[in-house]
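Undergrad: Taking the UniProt record's numbering, the leading residue of the sequence shown gets 1, the next gets one more, and so forth.
There may be inaccurate statements among the hints.
[As the list claims (entries may be wrong)] Computed list of lysine to aspartate or glutamate pairs in DMTMM-like fashion (alpha-carbon distance at most 20 Å, straight line):
1) K437 - E390
2) K964 - D878
3) K579 - E631
4) K630 - E590
5) K964 - D934
6) K213 - D143
7) K977 - D301
8) K138 - D176
9) K630 - D620
10) K323 - E312
11) K165 - E90
12) K485 - D432
13) K755 - E631
14) K332 - E390
15) K386 - E329
16) K735 - D860
17) K148 - E221
18) K736 - E648
19) K905 - E998
20) K259 - D301
21) K115 - D96
22) K665 - E648
23) K861 - D1027
24) K977 - E1005
25) K976 - D1003
26) K736 - D775
27) K964 - E1005
28) K737 - E648
29) K115 - E133
30) K139 - E114
31) K200 - D96
32) K165 - D176
33) K688 - D620
34) K213 - E154
35) K964 - D1027
36) K735 - E648
37) K905 - D878
Hints listed in this document are in silico derivations from the structure and should not be mistaken for laboratory results.
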Amino acid sequence: GYIYKQLPNKMEEETYLKKLSYLYGSFIAEIPDSLKELHKKIPGRDKSMLKENLLSQDVALTLLQENKLSIRRAEMVSIFSYFKDLPPIEPKTPPDIMFLTVLYQSNTIFHLIEKHFTDFIVRTVGSSTIYGECALKKKQLVDNLESKLNSGMERVLSSMVNYMKFLLNSEQKKSDFRPDGEDGAMTQTSACISCCRYIKTLVPSLYDALDGKNLEVVLIELGTRFHKVLMEHFFQFTYTDIGAMVALCDVNEYRHAIKLFKDTNEEENEGAQEENLAFINPEWSSTIYGECALKKKQLVDNLESKLNSGMERVLSSMVNYMKFLLNSEQKKSDFRPDGEDGAMTQTSACISCCRYIKTLVPSLYDALDGKNLEVVLIELGTRFHKVLMEHFFQFTYTDIEISRLAIQNVIKLHGSSRCQSCHGVCKTPPRDGRYLKSIVQASPHTSSARVTQLATERGINISARSVCRGLSTEFKLHARRPAKKPFLTKKQLQAHVKFCRDMKDKTAEWWTTVMFTDESTFQQLCGSGYNYVDIDKNVLQQFIQLRADFKSLKIGKNSNLIIYMSFSVGIDIGTTSIKVCILKNCDVIESFSASHNATVSTSSRLFHEQSPELILQMLDHCLNQLKHIKEVDKICITGQMHGLLLWEQKQSQNTSNNSLISLYKNTVFANTNLITWQDQRCDEVFLKSLSCPNISSGFGLASMLWLQRETPNIFNSYHMCGTIMDFVVWLLTLKKKPYMSVHNANSWGYFDLLKNCWMINELQLDLFDCSILPDVVPAGTILGNICYPVYGMSCSSVVYVALGDHQCSIRACSAQLSEAVLNMGTSCQLSIRVPYNQDSMTSVLDIKSNSPTIAITPYDKNFVLLTAASLNGGNVFDQFVSTFLSWCQIIGCSNIPSNEELMDKLLSISPFEDIRFIEDSLIITPTIYGERHDPSARASISNISPSNLTLSGITQALFEGLSKNLLAMLPLNCLKKYGITQIAGTGRCFVQCSRLREAISKDFEVPWRLVDKSRDASLGAILFSLDMD
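Build out the structure end to end from the sequences listed, making use of the hints.
TA: Have a look at this one:
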C-alpha cells in the first residue's frame, strides 16, 4: 500500500519500472530488523501503545520475509529490463552468468502474477466485460517478459558454448594426437581438462536457476550444441595409433562431464546402457528413451525368438540322429542271442550313440554357459531318455542267466583286481588317477616324487613308480628328462669364423639395415600375427619406426643374433595396368604403375586376348623405375585370375639375361596370346556339355577344353600352361614345370576346394590330358630362387607362388571379420571371410547350393571367401563413356573431350541437378557383359520419361543399377548372418565415384570405409606371402 500510494495511476512501463526500482531501493534500506523497530515506524502509534501487539510474532516475521523476497524480485525485474551487460557472444574468459539469477527470480514472478490474477483480478472482474482486456494485458505482459528471457538465455547459451569452443581451439594442439614417440602417457589433453572443468562449474548453476521443463530444454540445447562443437573439433585432426588412444581418453572424459547434464535421481533409476547416449546424441528425453527401449526390446525379442527356434531345430536334429543310430544299428538278435557263449559287451548301436554324445557334449559346453547350458542339457537329456525308453520297450529279451564264461569275459575286459599277494596288477582308482593327471597337466615339470608327496597328503597311498606307470598307460603322459645343451660343433665354429670374415668389410650404412636380438627365432615383421622381438637397448631407437607392426617389445640385455631387414617387391599384373611397389620393413618406400595396353584385335568380338610380350615390356619398364630393385630379396606376384596362357620352352638358353623381356626372348620357344577372364568364346551349349557344373566362359580350363575341341593337336605344340602371373614366376625360376597356387587353380574351374586338387575324374570324362596342368601348392609357398640376376637382384632372392588379385586386395585392406570387402575396378567382387571348419563349410555349401550367384574361393588355411563376383563393374561405366564419345564423333561435334575429361565431368555433375521428379527416376540393369551364372543376361533401361532422360539421370541410374545388381548376387540376409557391419571399398571405380559409394551404402544398409589408395593388390601380395611364410 505504501508503494502503491507513491505511484500515479497510469504510467509507461519503463518509467513505472524505473520508479519502482527507486522506491524499492529506498524502502529496502528502511526495513526494520525487529518488531520493536517495526512498532516505531507504524504511523499513528505512540509510546503508550507499543506494548500492544497487533500481530503474532510468527505472522509478523513471515510477512517481513515475504516482503523482502518480493522486493528482491522487483529489483531483479528492474535489472533485467535494463540489463545491458549480458555476456559477450565470443568470450575469451569465463562468461558472467548473473542472468541465471534473474531467470530464477523471474520464474517466481510468473507464478505470483498468475496467482495474483487468479485470486484478485478474476474474483473482482471475472463476470464483467473488462475481464477480457485484463487477460489480454496479462498475456501481453507475460509474452513480453518471456521473449526477453528467451533472447537473454540464447545469448548466455551461445556465450557458454563459444567459450568452450575457444578453450578447445586455443589449448588443443595437433601434436596432442600425433605424439613423436610411444612413451607418452595416454591421458586427457589440457584442452579436454579445461573444458570439462568449466562444465563441472557450469552445470550446478543451471540446476540452481532452472527446474522442470525449462531445465530439461536448456540442458538438451546446451548438450546438442556442445556435441556439435566436439564433432567439428575432432574431425579437423589426423591421428596416429597412440594419438587415437589419447582421443579416446578425451572422449571418455567428455562423456563423464556431459553425464552431469542428467538429473542425479533419474540417473540412478536408469540402466547402464543409457550412459553412452549422453555423448552419442545428447537429445535424450523420456520420449526418445522410451522409443529406444521399445526398439531394443523388439530387437532382443526377435533375436531370442530366432535363436530359440534354431536351438529347437538343433536339439531335434541331435535327438533324431541318435534315434536313427539306434534304429539302424540295433538288431533284435542283440538281445536274443542264440547261445550263451557270446561276449557280454555293449552293442554296436550303443557304442555309436555314446561316441556321438561324447563328441557332442564338449561342443555344447564351448557354445553355452550358465542357465542356457543347464536348460539345453536338461532338455537334451530328457528327450534322449524318452528315446531310450521307447527304444528298449520295442524289444523282447532272453532270460538273464550269467554263466561262468560270461564272468570270465567280464574279468578279461575290465582287468583284474587282485592284490599284490596274488602277484596281480593294482590299478589306480579312476578318481585318484584323474587327480594325478590334473597335477601333471597344471605343472608339467613336476617330478614323480613330488606327485607322490602331494598324493600322500591327500590320503592316496601310491609309489613314484606307480605314478609314472599309471600316467603313461592310462593318460599317455610320458616322463621326460631335461636335455643338456651340446657344445658347438667344429662345423658350427667354422661357420662363425666365415661369417665374421664375410661381414668385416661391410659399411656403416649397411649395418643400419641390421637388427640385433638375442632371440633364436624371429617372425616376419609384416605378418598379421603377433611379433615378439628382443631388441638391445642401444639400438631400440633405430627401429622405433617399426612400431606399427610390433604388438610386443621386450628389451633384452644381450645381443648375439643378427637379422637382416629385407626388401620385398610386389607385382600386380591387372587387366588394364601394372603396378609394382617395394616394401622395406613395414613401409612402402616406392611404387610405380602404368597401363600396358596389351589387348589385341581378334577374329571375333567374343574373343578377348592380350599380348604377353606387351605385358612383359611394360612390366620391365615399371621395374626399371624402382631405385631399390637391386636390394630386393623377396618377389611376390599377383594379378588377373581365370586367364590362360600356353607356352613351350627352348632347349638351349642364353645366359645373358638381365630383364624379364630378355628372359622371355631367350627361353620361350612359342606361346599363345593370353585369353583373359573377359573372353566369351565358350557359349552356353558348350559349357553345359562339360562335366564341371560351376564353370564359366573365361575360366582357364573352359578355354583349354574349347581349344582342344577346335584345334585337337594344339597341345602337341605347347606343354606348359598357367595364368600370366604363373608365366612370370616360371620365367624367374625356370622350373621344369609351372606351379599354381590354390587361388588361381580354383579360378580355372575343375578344382576341388575341400581336397585342394584338380578334379581328375571329371577332366578325364571330358577327354582332357591332365599331364599339362600345373602342380597346385598352397598360397605363400616359396618356389625357389631366381635363376638369373635380373635388374641387378641377387640370385639368392626368393620367388613366391603367384596369388589371386582378389585375395591380395582383401589382405591389403586389413579388413576385420565384421567387414565385407568390395573391390570394384574393371569388374566387381564383394567378399566376406568365413572360418574354414566343418560347421561353417556346411553352412557355406548350403548357401552355395541355394544361390548360384555366390562363389566359394580359397583365402588361407583358416578362412575361405564367400564372393559375389560380377563381370560388370567399372567396365560398364567405361563403355558408357566410350559410347558417348563415339556418338559425339558421329554427329561431328567439335572440341570433343578425352575419356578422362568426360569421365571427370560426369562424376562432377550433381546427382539430381536437372531431374525434376526424383521419384520417377530411370531404372538401368547394367549387365552388358552378362554374368557367370547367367551368360545370356543383357542390360536394359526402363521407366523412361521426359523428365528423367537426362545425362545426370542416366549416370545416377547406372550407379544405382551396379549397386542393385551386386545386392541381388549377395543379398542382405547373407551379410547379416555373418555379422557384417561395414563395407571396406577399394578399386578404381569405387574410389572415384562418390555416388556409387552412396548407392551401395543405401542398398546394403551399412556404412562404407574407403581403403587407402596405396593399399592395393601389389602390397597385398607381399603381406599375404609373408603371412603364410
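Undergrad: For each hint, tell me whether it holds in the structure or not.
TA: Okay, the hints, checked on the actual structure:
1. Proximity of K437 to E390 is assessed by CA-CA distance (about 39 Å); at most 20 Å being required, the pair is judged violated.
2. Restraint check for K964 and D878: satisfied, since their Cα atoms lie roughly 19 Å apart, inside the 20 Å limit.
3. Only pairs whose Cα atoms come within 20 Å are accepted, and K579 paired with E631 is accepted, the gap being roughly 19 Å.
4. For the suggested pair K630 and E590, the alpha carbons sit about 13 Å apart, so the restraint of at most 20 Å is met.
5. For the proposed pair K964 and D934, the alpha carbon gap of about 16 Å is at most 20 Å, so the pair holds.
6. About 17 Å separates the Cα atoms of K213 and D143, which keeps this hinted pair within 20 Å; it holds.
7. About 17 Å separates the Cα atoms of K977 and D301, which keeps this hinted pair within 20 Å; it holds.
8. For the hint linking K138 to D176, the alpha-carbon distance of about 56 Å lies beyond 20 Å, and the restraint is violated.
9. Between K630 and D620, the direct Cα distance comes to roughly 14 Å. Compliance with the 20 Å bound is thereby established for this hinted pair.
10. Our distance criterion of 20 Å between C-alpha atoms is met by K323 and E312, whose separation comes to about 16 Å.
11. Under the criterion of a C-alpha separation no larger than 20 Å, the hint pairing K165 with E90 is consistent with the structure, at around 9 Å.
12. A distance of roughly 36 Å separates the Cα atoms of K485 and D432; the hinted pair therefore is violated under the 20 Å criterion.
13. With a CA separation close to 38 Å, the supplied pair K755 and E631 exceeds the 20 Å bound.
14. Straight-line distance between C-alpha atoms of K332 and E390 comes to about 14 Å, which keeps the hinted pair within the 20 Å bound.
15. With a C-alpha separation of about 18 Å, the suggested pairing of K386 with E329 holds against the 20 Å cut-off.
16. At most 20 Å may separate the alpha-carbon atoms for a hinted pair to count; K735 and D860 exceed this at roughly 24 Å.
17. Among the hinted pairs, K148 with E221 is consistent with the structure: their alpha-carbon atoms are about 18 Å apart, no more than 20 Å.
18. Distance restraint check for K736 and E648: the Cα-Cα separation of roughly 11 Å lies within the 20 Å cut-off, and the hinted pair is therefore satisfied.
19. For the suggested pair K905 and E998, the alpha carbons sit about 18 Å apart, so the restraint of at most 20 Å is met.
20. About 29 Å separates the Cα atoms of K259 and D301, which puts this hinted pair outside 20 Å; it is violated.
21. Only pairs whose Cα atoms come within 20 Å are accepted, and K115 paired with D96 is rejected, the gap being roughly 32 Å.
22. Taking the CA atoms of K665 and E648, the gap is near 12 Å; set against the 20 Å cutoff, the hint holds.
23. This hinted pair checks out: K861 and D1027 have alpha carbons roughly 11 Å apart, not beyond 20 Å.
24. Taken as a hint, the K977 and E1005 pair is honoured in the structure, with Cα atoms around 14 Å apart against an allowance of 20 Å.
25. Simply put, K976 and D1003 have alpha-carbon atoms about 13 Å apart, close enough for the 20 Å limit, and the pair holds.
26. At most 20 Å may separate the alpha-carbon atoms for a hinted pair to count; K736 and D775 meet this at roughly 11 Å.
27. Restraint check for K964 and E1005: the C-alpha separation of about 12 Å stays at or below 20 Å, so the hint holds.
28. Annotation: proposed proximity of K737 to E648 holds, straight-line Cα distance about 11 Å (limit 20 Å).
29. Of the supplied pair hints, the one linking K115 and E133 holds, its CA atoms being roughly 18 Å apart against a limit of 20 Å.
30. Taking the CA atoms of K139 and E114, the gap is about 10 Å. The hint holds against a cut of 20 Å.
31. At most 20 Å may separate the alpha-carbon atoms for a hinted pair to count; K200 and D96 meet this at roughly 16 Å.
32. Between the alpha carbons of K165 and D176 the distance comes to roughly 17 Å, so the proposed pair stays at or under 20 Å and holds.
33. A hinted pair counts as satisfied when its Cα atoms are at most 20 Å apart, and K688 with D620 does not qualify at roughly 41 Å.
34. For the suggested pair K213 and E154, the alpha carbons sit about 16 Å apart, so the restraint of at most 20 Å is met.
35. Taken as a hint, the K964 and D1027 pair is broken in the structure, with Cα atoms around 35 Å apart against an allowance of 20 Å.
36. The hinted pair formed by K735 and E648 meets the criterion: a straight-line CA distance of about 13 Å does not exceed 20 Å.
37. With a C-alpha separation of about 13 Å, the suggested pair K905 and D878 falls inside the 20 Å cut-off, and the hint holds.
Hint violations for this structure: numbers 1, 8, 12, 13, 16, 20, 21, 33, 35, all remaining hints satisfied.
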